[in-house]
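Colleague: Based on the provided sequences and hints, a complete structural model is requested.
There are 2 protein chains.
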Amino acid sequence: MAIIVQKFGGTSVADAQKIRRAAKRVIKAVEDGFAVVVVASARGKQTDQLIADALELNPNPPKREIDQLLSTGEQQTVSLFAMALDAMGYDAISLTGSQIRIMTDSAHTKARIKSIDAKRIHKQLDKGRIVIVAGFQGIDENENITTLGRGGSDTTAVALAAALGAEECEIYTDVDGIYTADPRIFKNAAKMNQISYDEMLEMASFGAGVIYTRAVEFGKKYDIKIHVRSSSEETEGTIITHEVPQMEGVVVSGATVQKDMAKISLVGVDNVPGNAAKIFACLAKAKVVVDDIVQTEISTEKANLSFMIGISDLTAAKEAVEQIKDEVNCQDIFIREDIAEVSVIGVGMRTHYGVAEKMFGALAEAKVNIDSITTSEIRISCAVDKDQAEKALEAICVAFELDKPAQERTKHN
Amino acid sequence: MAIIVQKFGGTSVADAQKIRRAAKRVIKAVEDGFAVVVVASARGKQTDQLIADALELNPNPPKREIDQLLSTGEQQTVSLFAMALDAMGYDAISLTGSQIRIMTDSAHTKARIKSIDAKRIHKQLDKGRIVIVAGFQGIDENENITTLGRGGSDTTAVALAAALGAEECEIYTDVDGIYTADPRIFKNAAKMNQISYDEMLEMASFGAGVIYTRAVEFGKKYDIKIHVRSSSEETEGTIITHEVPQMEGVVVSGATVQKDMAKISLVGVDNVPGNAAKIFACLAKAKVVVDDIVQTEISTEKANLSFMIGISDLTAAKEAVEQIKDEVNCQDIFIREDIAEVSVIGVGMRTHYGVAEKMFGALAEAKVNIDSITTSEIRISCAVDKDQAEKALEAICVAFELDKPAQERTKHN
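Chains A and B are the protein sequences, given in the same order.
Residue numbering for the first sequence follows our numbering, starting at 34 and increasing by one per position.
Residue numbering for the second sequence follows our numbering, starting at 34 and increasing by one per position.
For the record, the hints were derived by calculation from the structure and aren't laboratory data.
These numbers come from a predicted model, not from an experiment.
Treat each hint with caution, since some may be false.
Identical chains share a label here; the pair holds if one copy fits it or two copies do between them.
Simulated crosslink set (DSS-like; lysine-lysine; CA at most 27 Å straight-line) [claimed, not checked]:
1) K220 / K437
2) K78 / K51
3) K156 / K419
4) K78 / K254
5) K335 / K78
6) K152 / K96
7) K160 / K143
8) K61 / K96
9) K391 / K358
10) K400 / K254
11) K96 / K57
Modeller: Have a look at this one:
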């Protein structure tokens, strides 16, 4: 019997009515002939409440105890979910991360899955039961409860799908799929039927925020078809999968904008081996996440080095570069806080020319000034004025016809 | 290093302030040189809220899922408790029933402890840590979470004290000890310094309600000193222990009253072997808890049989006896719904005469009519009119000087 994994996030199980609605989606899959494994998150604001309770007692609580506390949120949801299915006449059993031996490392609050005991789930499925698994949690080798960090339930779901050899992993959420661009900014954005893992990774880390990076990485590694779809509507969503032939005709799949960025430039750094390493080691120590590093020689002895960071890391990043400044003989530091980044993403770029040209042309026509440009194999990003970010995204979307479904666009556009 | 187990009930950990207050009691014991193991219940009304959440989804939820759900309440408390101790500068670790392998049978919602892995706790204590254990819960051999039913955290605490070879088990509660009688009825009731396990069992099952029967049974079986004391005041409470020499001078230790009782009498039952067994099998099948069975011959062929039940079981009991009536040739059934039971309890009774006489005399003087009398080795109980229950208790308390500490009473009273 084919297995399907269905993941419901916190908003999809926030109250009794929503749990019942989610349960009906599960029953639909059962009636369609699937063996179903459900992964559920903590209900609505439960996790926030527990964190508030913790901080009231300890402004800096031990991470092991945070995990012990937070894991109860998912445990509550899964037992309630099983009760709901029982009331509807279906045999269900809830299981915690501990009960199915989701073994992780001991990095509390951001643990990584090492193994899952699929036998325990198969045993329950073989009895004809629906299995409801608490997302976001596991245990380390000493039976300490761990949690997987942001998007942990997505990761649990995809990892389970891999361990069980599931047909598909459905991620139920409050949007009905992945769009070519953020519909709040470009209101004509089109829903994608399919997107490749690599494109999704670029979209996700650049602010699409529907599914978490680690879950997509897992999906890519084990080739799990991930279906992002709406928990309130019956429509098909977006399938995240490996590259398929019909994708080839499409050059640009989507566009993203990331506001709340800052750009730091170190001017006139001594161009000797090891200096860049020193600078980024210093930033890593300060836990600053760095993106879009650009280094350019300005003479045989000197180079400029710039990178983008999230605005929330700005204070930490400033301190870090001030600290390292003299050691690398940096002449000056420039900081731009009013910056945003627009990107186009598409696996088709690998083999097609003219994408950059079309993007820069669209921005020029919209009178958007480009501060700097970075590229990867499947992405081109431009740093622009924050004030012009939305206008920039819209111009790009129109240029690449992102208001239309992929098959209706001008060929090789 | 001597080990002490401290148990805090739901009202003693209801909010952050109360958790901190409880944590201070723990620290006091640490500073006094003890290795401390804490057992905590779910916070305040958490369990009630979870049950309400469950019933909203399923009027008759599977018991396994109820246990999976309810066990989160204690898990939350223990992690928060550990965080509070950490904030106060003490190294603490919280552990669930699963993490210390509190193995139980599979009787969900009323499981019984089979074994505890004391090694895991000793290992943490040896590191100088305070160990906070989730009360009320365990796991069965298939890793299903179980709960121990009413008073489960008391049972966990005493069982842990036994498994660890602890010096004492302290039960912190919202009263400051065990009284000779219910102070809400007999306002001059005296606090007892000590009480024997057997006396406490009679007191508890007859309505004293401070500590649960199973915990006292465990204490008796493994000879664990149980100290019932106030979580808000520093005063010494009452020690429940085996009989000690100084108890010998006291004949009656306390008195109880149990209202909300009913008495059922089966008149003229055929006096043949097996009839009593048939009747009580029928009641057991209807899950009616029966007390104070009295059988009296009224002729060579016929007997009367009466027993007491809680008023909440009356409907079920009525149906059960109506069902069995003809089979045992019962001539008539009398039911009294307006009945209460007053009892005096004391290990001293075993070797002293005149207790019954003094009790009946006190009731006669107070003009309380006695419906029936039952006795055990350490208890005498009289069924009386419900309206006269409080007056009856007071008369008995005065007669046995239960307003005074044991050592101040008239000798052999």
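Colleague: Now look at each hint and say whether the structure bears it out.
Modeller: To see whether the hints hold, each was checked on the structure:
1. In this homomeric assembly, K220 and K437 come within 27 Å of each other (Cα to Cα) only inside a single copy, at 12 Å, whereas the closest approach across copies is 83 Å.
2. In this assembly of identical chains, the alpha carbons of K78 and K51 lie at most 27 Å apart whether taken from the same copy (14 Å) or from different copies (24 Å).
3. Proximity of K156 to K419 under the C-alpha cut-off of 27 Å is found in neither arrangement, the shortest distances being 54 Å within a copy and 56 Å between copies.
4. Proximity of K78 and K254 under a CA criterion of 27 Å is satisfied in neither setting, with 32 Å inside one chain copy and 46 Å between copies.
5. Taking CA atoms no more than 27 Å apart as the test, K335 paired with K78 passes in neither setting, with 52 Å inside one copy and 67 Å between copies.
6. For the identical chains of this complex, K152 and K96 are inter-copy neighbours only, at 24 Å across copies versus 30 Å inside a copy, given an alpha-carbon limit of 27 Å.
7. Only between protomers do K160 and K143 lie at most 27 Å apart by alpha-carbon distance; the minimum there is 26 Å, versus 34 Å within a single protomer.
8. Only between protomers do K61 and K96 lie at most 27 Å apart by alpha-carbon distance; the minimum there is 26 Å, versus 39 Å within a single protomer.
9. In this homomeric assembly, K391 and K358 never come within 27 Å of each other (Cα to Cα): the closest approach is 38 Å inside a single copy and 95 Å across copies.
10. Neither within a single protomer nor between protomers do K400 and K254 lie at most 27 Å apart by alpha-carbon distance, with minima of 41 Å and 86 Å respectively.
11. For a Cα distance limit of 27 Å, the shortest separation of K96 from K57 across copies, 22 Å, qualifies, whereas the shortest one inside one copy, 36 Å, does not.
Consistency with the previously given hints fails for numbers 3, 4, 5, 9, 10, ordered from lowest to highest.
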